[in-house]
Amino acid sequence: MQKLFFFIKLLVFGLFFTSCGTSKMINTLKPEADLAAPLVYDKEISNLNIPISIKLRDIENQTNKLLTGLIYDDNKLEDDNILLKVWKDAPIQITEEKGKIKVILPLKIWTKARYGSTLLGMNLYDARELKLNGVVTLISDVSLSNWQLQTKTSIKSIKWKEDPSINIAGKAIPISFLMNSALNFFKSTIEKNIDDAIRKSVNFKPQILDALDKISNPILVNSQYETWFLMTPVSLYVTESKIQQETILFDLGIACTMETLVGKPLVKQFNKEQIVLKNVPKLDKEFSTALMVVSPYLEASKLITENFKGHEFVSGKNKVTVQKVDLWHKNGKMIVALDLIGTINGTIYLSGIPKFDEQKGEIYFDELDYILNTKNALMKTANWLAQGIVLKKIKENAKYSIKSDIDNAKLQMEKYLKNYSPSSGVFINGKIDEIVFQNIQLTNQAIISSIKTSGKINITIDGLK
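Numbering-wise, the sequence shown is residues 1 to 465 according to our numbering.
One or more of the hints may lead you astray.
Subject to a maximum C-alpha distance of 27 Å in a straight line, what follows is the list of computed DSSO-like cross-link-like pairs (lysine-lysine) [what the hints assert, rightly or not]:
#1 Lys456 with Lys242
#2 Lys282 with Lys152
#3 Lys393 with Lys375
#4 Lys456 with Lys55
#5 Lys187 with Lys161
#6 Lys242 with Lys192
#7 Lys418 with Lys403
#8 Lys159 with Lys192
#9 Lys214 with Lys55
#10 Lys100 with Lys88
#11 Lys355 with Lys324
#12 Lys456 with Lys418
#13 Lys156 with Lys214
#14 Lys43 with Lys403
#15 Lys108 with Lys200
#16 Lys392 with Lys317
#17 Lys317 with Lys100
#18 Lys309 with Lys24
#19 Lys156 with Lys100
#20 Lys152 with Lys278
#21 Lys76 with Lys200
#22 Lys98 with Lys85
#23 Lys319 with Lys24
#24 Lys30 with Lys285
#25 Lys392 with Lys302
#26 Lys403 with Lys355
#27 Lys268 with Lys403
#28 Lys55 with Lys242
#29 Lys24 with Lys85
#30 Lys393 with Lys272
#31 Lys24 with Lys395
#32 Lys431 with Lys282
#33 Lys200 with Lys98
#34 Lys98 with Lys264
#35 Lys98 with Lys187
#36 Lys264 with Lys333
#37 Lys395 with Lys317
Estimated spans, in silico, between C-beta atoms of each pair [to be verified]:
#38 Lys100 with Asp433: 33 to 43 Å
#39 Ile353 with Glu306: 20 to 30 Å
#40 Leu66 with Glu97: 19 to 29 Å
Source of the hints: derived by calculation from the structure; they are not laboratory data. Quick caveat: nothing in here was measured; it's all calculated off a predicted structure. We treat Cβ as the ideally placed atom computed from N, Cα and C, and that holds for glycine.
Between the sequences and the hints, there should be enough to build the whole structure, so can you do that?
And the structure:
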């Protein structure tokens, strides 16, 4: 029995000795990360230059809703011998005439005209009531100011369906001179009413700000990698308006930031109450965008660890497997920490500079090499691992793709460019050109990739309610 126990002890000792002889622990010094700080990076400004068109029939519809019923009431007879009430008699028609707005306003008029004279201190007056119908034509100059369409309207002409007259002793007495004189009194009121109605009907501030507020909400574009997209408008610009083919045209410019973040939702930053609209002479017809792809080190480490899953790195009889990858920033470079098991157990540290492979859409690490302490430790315990063959194989896996993030962000932007309607009567269309990589920024918490693209976009306002 004692011999049996001795044999078992010898066997266990032999297995332990063999294990220790074929698998070694490597002791390396961990390079400490730069001090943690809030995630701050340089956000590039994107400029979305958007032609906007508003159909005159929409202005016509809105104006008819706002301008109804009695539009003028003169109830004093003594000042001009006329009492006058004016109603809108039928829907207003709004069209274009030589780059201006032409307004046709059918009117229904009730009037009481007094005629006669004073003789020997006696008032010899009589009065007649009249009901008249006419059509007033107005012309409006158009401009944009403080989010609203401003018009300066003046009456061009008035046509009576029948010549105004009163019947005295069986004879029709024309009173056109009285009515045309009275027109001067309600002329300014009608012009002001038209201007006020158009201004209220084409206040595009609510539509534009509601649209911006909706598209500035964080959007989950990739649930597998928890990738979020955020667009934040910074300032707005608008050009002067013009009228062509029954449509009011002007250009709206949006300066904004665009970014994606892997791992957690971005926080909405847009406040529609604080945005300011600035007037400019003109804007380019194309837009240019800078998309910031934010890859926190923790999330990037997870993606790279996936690349190493199932891979063994072999040199002769020696082999190791990477169990886990960690990334952090130090002195302008990336530290790549690899937890190994196999012939060597422990953690080795490499440093490199992140670069972007445009063809593959991948972040990789250029000049990737063991840091000095790690290299010295490997030379003593595992020289085979310090050689270039294994390091080259490790480099091939120490990368991760942001192509899906870019593609998803592009798809998300394209959703807003295919007859997207953020609110009733507002339609967005356009196209995005090829996406081009710009640069990489390193922060204490993330790798920031800057991607640029360009394209065209337009907004049509057609069918406002």
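Okay, the hints, checked on the actual structure:
no.	hint	result
1	Lys456 with Lys242	20 Å, holds
2	Lys282 with Lys152	23 Å, holds
3	Lys393 with Lys375	17 Å, holds
4	Lys456 with Lys55	21 Å, holds
5	Lys187 with Lys161	18 Å, holds
6	Lys242 with Lys192	21 Å, holds
7	Lys418 with Lys403	22 Å, holds
8	Lys159 with Lys192	20 Å, holds
9	Lys214 with Lys55	24 Å, holds
10	Lys100 with Lys88	22 Å, holds
11	Lys355 with Lys324	21 Å, holds
12	Lys456 with Lys418	12 Å, holds
13	Lys156 with Lys214	43 Å, violated
14	Lys43 with Lys403	20 Å, holds
15	Lys108 with Lys200	24 Å, holds
16	Lys392 with Lys317	18 Å, holds
17	Lys317 with Lys100	87 Å, violated
18	Lys309 with Lys24	22 Å, holds
19	Lys156 with Lys100	12 Å, holds
20	Lys152 with Lys278	21 Å, holds
21	Lys76 with Lys200	30 Å, violated
22	Lys98 with Lys85	32 Å, violated
23	Lys319 with Lys24	12 Å, holds
24	Lys30 with Lys285	53 Å, violated
25	Lys392 with Lys302	21 Å, holds
26	Lys403 with Lys355	14 Å, holds
27	Lys268 with Lys403	24 Å, holds
28	Lys55 with Lys242	12 Å, holds
29	Lys24 with Lys85	104 Å, violated
30	Lys393 with Lys272	51 Å, violated
31	Lys24 with Lys395	23 Å, holds
32	Lys431 with Lys282	21 Å, holds
33	Lys200 with Lys98	24 Å, holds
34	Lys98 with Lys264	55 Å, violated
35	Lys98 with Lys187	23 Å, holds
36	Lys264 with Lys333	24 Å, holds
37	Lys395 with Lys317	21 Å, holds
38	Lys100 with Asp433: 33 to 43 Å	37 Å, holds
39	Ile353 with Glu306: 20 to 30 Å	22 Å, holds
40	Leu66 with Glu97: 19 to 29 Å	22 Å, holds
Going through the hint list in order, the structure does not satisfy hints 13, 17, 21, 22, 24, 29, 30, 34.
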